[in-house]
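So the sequence shown is residues 1 to 209, counted in UniProt numbering.
Hints were generated in silico from the structure; no laboratory data involved.
Incorrect hints may have been included.
Unchecked claim - Here are the simulated DSSO-like cross-link-like pairs (lysine-lysine), alpha carbons at most 27 Å apart as the crow flies:
1. K46 x K6
2. K31 x K6
3. K46 x K35
4. K31 x K46
5. K35 x K130
6. K46 x K114
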Amino acid sequence: MESVQKPARVRILDAAHDLLLTVGLARATTKEIAKTAGCSEAALYKYFASKEELFVRVLGERLPRLAPLLSTLTAEPGAGTLEDNLTRIAEQAALFYEQSFPIAASLYAEPQLKRRHDDALRTMGAGPHKPIEALDAYLRAEQTAGRVRADADTFAAASLLLGACAQRAFAYDAGPEGGRPPADVFAARLARTLLDGISVAPEATRPRP
């Protein structure tokens with residue numbers, strides 16, 4: 001039985017994901033992505049306006065889904081325990097940065113290319129600052145719900161948690177143990193430590209019935 005070929009958009013995203021992981025964002029061209037996907041470069045541009053848009057779609061559709069998790073939790077402040085929620089966020093973020101760091105790292109070797117890339121992302125309303133803003137929004141929602149201290153700096157807390165997750169992808173391989181701690185263990189430790197600084201009294205952090 002003849003196999004059904006995947007739709008062109010799916011093939012392009014798959015090819016982009018594979019190439020971005022192997023050669024990095026700076027070296028992956030739309031021409032090579034289209035060739036790998038088995039379509040023309042013109043066909044690629046029917047679905048994606050630029051390589052930057054393709055990069056954003058790969059992050060959103062092929063990597064761990066951090067943004068949807070943050071959106072869901074922000075819409076339901078008070079649900080679950082704060083520790084469990086922060087642990088889920090930290091684990092997703094750790095996996096997201098683990099997979100996205102190899103893709104974007106090559107940009108930092110080419111400052112002019114990185115500036116053009118950043119300008120394009122700003123035009124699209126995207127960029128690496130967005131997860132920090134989304135986590136800040138979630139923590140502010142929990143602040144309003146009374147589970148985060150009123151005087152807590154939620155933006156700094158968001159930056160600390162996501163910064164630690166990014167460092168796990170960047171720095172831990174060079175450590176004495178020569179590898180990253182498991183994402184779930186790392187996330188649990190990070191959430192507990194962050195809670196010490198921002199949560200209200202334990203009895204006030206229980207989930208609503």
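Hints and how they fare:
no., hint, verdict
1, K46 x K6, "holds (16 Å)"
2, K31 x K6, "holds (19 Å)"
3, K46 x K35, "holds (15 Å)"
4, K31 x K46, "holds (14 Å)"
5, K35 x K130, "violated (31 Å)"
6, K46 x K114, "holds (25 Å)"
Consistency note: the structure conflicts with earlier hint 5 alone.
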